[in-house]
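**Student:** Please build the complete structure, drawing on both the sequences and the hints.
Listed here are the chains, written in short residue letters.
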Amino acid sequence: MTESKKPEMPPFMKSISEALPSSFDVLHVPLTLDDAHVHLLYMKTVVDGLTLQQSIIKPFYELDDERKFGAYIQGLPNRLDPPQPDELLIMLTSGFVLVYADSTYSILEIRKLGNTLQGPTISETTIHGPQLSLSEDLETNVSIVRQHYHQPNLYVETHQLNDKSNMSIALLYDEKEVNVDVLRRVKEKLDGLDEPLIQSAGELAVRLTSRRFTLFPTSILTERPDRIVYNLTGGKIILLVDNSPYAIVLPVIFFDFMVSMEENYHTYVISLYNTLLGWFGLLNCLLLPSLYVAFTAYSPEVLSSELTLTMAGSRIGVPYPSFIEVIIMLFFVELLTEASVRLPRSINAAATTVGGLILGTAATEASLASNVLIMIIAIVAISTFVIPMNELGFAVRIVRLLIILFTTLFGLIGLISGLLLLIVHLTNMDSFGEPYLRIGWRGKRSEKMVNSE
Amino acid sequence: MSSKWMKVAVLSILLIILTSSISGCAYKGVDKRAFVVGIGVDPAKENGNKFRVTLKLAKPIASLKSSTANEYELLVHESDSVAEAIRFLETREDKVMDFSQTKILALNEDLLSGDLFPLMDYFVRRGDLQLVLYVLMAKPTAEDVLKAQPPLEAAGENSLYNYFDKTGTESPFVTTTFLFEFRRDYDTKGKSSALPIVEANEAGTQLTVTNSIVLKNTVEPYVLTPTETKLFNTLVDGAGGYGYKIENAGYKFMLTLDHVKMKIKIHTNDGQKPRAEVKIKAVGAISESDKLLKLKDLDHYSKISGEQFGEQVKNLFVDLQEKNVDPFGFGLKYRSSRLNTKDTLDNWKAIYPELEFDVKMDMQLKSVGAIE
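Here the protein sequences come in this chain order: G and W.
The first sequence maps to residues 3 to 455 in my numbering.
The second sequence maps to residues -18 to 353 in my numbering.
None of these hints come from the bench; they were simulated from the model.
Positions of the beta carbon are idealized from the N, C-alpha and C atoms, including for glycine.
Don't take every hint at face value.
[As the list claims (entries may be wrong)] Facing chain W, from chain G, some residues (calculated, C-beta under 10 Å): (1) Thr269; (2) Ser273; (3) Asn276; (4) Thr277; (5) Pro302; (6) Leu305; (7) Glu308; (8) Met313; (9) Ala314; (10) Gly315; (11) Arg317; (12) Ile318; (13) Ser324; (14) Leu411; (15) Gly413.
**Tutor:** Here it is in structure tokens:
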């Protein structure tokens, strides 16, 4: 044996090795020193080489004895007994090392951590409050939550998706606060998932809802650790997904989408004012284009006569009815918004300015849109971004088209009935058994307090 | 295709057909409407017709900054009834006439005597005319008042509106009467309605609103003098203002009243003459005087101005009583505070000519208007 350059692989390891594809990163490393033989089997690209060197290879040469080394391996905290071969294969692809030492197989987790860097918050920025978002690594994210929430009641359950990605997800909840029914439902949903590939938290959140055609989100996607903790104390369930900087918050009600974390970091009056601004923005964004159609086409008597004449004057020469005007201009703004999301950050400010200012001016100069409408569209475009959670913003952008359609057909009555239908729809919805339009009457103080019953 | 999808498809096609058949009946772009801002009614000039109806249409302004003056169009037609005239006038304009912004109804003086119900009927009945439009009496004719264009009238505004909606001038000389109010007071037994009189000068560049006219179908209209108009507005609307002249005990004051309140109580005890007790509380200051006034004598000034003010009010009451009109609604007060029988109204008709007015003034002057 000592004569051979490469020692023979033990049979179990050999069978595993054969089951693995012959890609360049599958490594079988035999360690040999005098009589001691140890075999390592791992995938180079998912295993942290430095930790492997420090905790396995270096001790082997220092201990200089196969039996002692075997005992050392047995004592490592990240050691597991090898499971069934097919499960073992998945573990190898996610950063485990199969070790054969002292005639026993061990499996050690020496995972190369993913992107553990916490980036700055992007979609939910606040002025005060934490500036860093979640990282893209599951364990780091769990530790971030733990560091924000020092409670023994915080349960973390891990789970592995059954799809091709075999992604790990973590289920976090405060055991004392959580609604057991909702928890059961979420777990059932997770087990029943039947999707070939899930890659991100957003995708998982969509797959967890039972309705296929749904407009309003039934869970919040957040990147803010403080929002996660805020929701944990409120008895919600948090789903963390590996390789995704977003967490899913379940179950949600409509009013959760109108909460900006900024509100917790200001005095009462200021945060109330901010909340009202948010609601005002929501209503603006939802109703203003339809109100324009209603006032210009159906009910000019609602406005004062000066305003009516100004509106009539600004529409002089516009060659099509006001609802077409509104839809065209809204479409432009949607294009602008989408373009500014896609464009690299360095030029998107320029693009929106050019698009917004020049298109607006040119449209009125060419009398393709009225001045009043340009102003309304600008207000609407800005209001969309006042809504704290942009998932709701997306939904509202679509709903307002439906309300415009109703208003075009039936005037102010149509606007009201469209709004009524929207409320009926929201009332009909639920998020994991929780009524969507439930009003949380609990005060902020009692919401934050961890009280056991 | 599954049956579920089939259902959805059929339903959506049905919905599109149905909704498209509903649409279109009320959809009328704001630029395709001609907004009527004022209606004027005069007696017809030609024989055979009854009314001469003037419509004032506002022209939409494309840019407020570049336009210097307001542009209006006046359409005139004579006919036997207001409704017929308006129907004819609608054919003179390519756009739909929109009466929803109409706020002025100008009536010629000659139309105001006699029964006004047939004239008012059309305006009250028509759904798109708002009942909150302002009714006024026009002098010399309604057409002239609608035609008048004061130089200060900026593009996009209507100076007649500014008189009455209290966004502009708030003078105690201006009586504001809405259409619903006019009709209600005209119809109510025991109350008369009052209309402002708007006078246009000959050049059509100025409007004056200083007088009012009191109307009731059974009696002749009574025109209030400017002073009476001012007192009437002060007491009814509680609106104050400048220029209440007081001459008493050797003093000559002009008062500025901020706040006036009136309470009426009618006493009809047996064996006594019927008596209306009117309590007036007025708060104000002296704005002009011919003598040096002392702050410590303020109570004295209050007393003497109260006496004189009460006298003026009493004279107004008596004047109106003589003309058998009742814009303050003493009769309504009587009817509402007595058990209603079939004789209540007749009783009041007997009482009113003999009613004695007992004005109790509570004048509270707060300042002499100058620092010693």
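**Student:** With reference to the structure, classify each hint as holding or not holding.
**Tutor:** Comparing the hints with the structure gives:
1. Thr269: Constraint on Thr269/G not satisfied, violated at 37 Å.
2. Ser273: Since the shortest Cβ distance to chain W is 36 Å, the answer is violated.
3. Asn276: 33 Å, violated
4. Thr277: Since chain W brings no Cβ nearer than about 33 Å to Thr277/G, farther than 10 Å, the hint is violated.
5. Pro302: With a closest approach of 5 Å, the Pro302/G hint holds.
6. Leu305: Where the cut-off is 10 Å and the nearest Cβ of chain W is about 9 Å from Leu305/G, the hint holds.
7. Glu308: 5 Å, holds
8. Met313: 6 Å, holds
9. Ala314: Cβ of Ala314/G sits 4 Å from chain W, so the hint holds.
10. Gly315: 4 Å, holds
11. Arg317: Holds. Min distance 4 Å.
12. Ile318: 5 Å, holds
13. Ser324: 6 Å, holds
14. Leu411: Since chain W brings a Cβ to about 5 Å from Leu411/G, closer than 10 Å, the hint holds.
15. Gly413: Result: holds, 6 Å to nearest chain W Cβ.
Consistency note: the structure conflicts with the earlier hints numbered 1, 2, 3 and 4.
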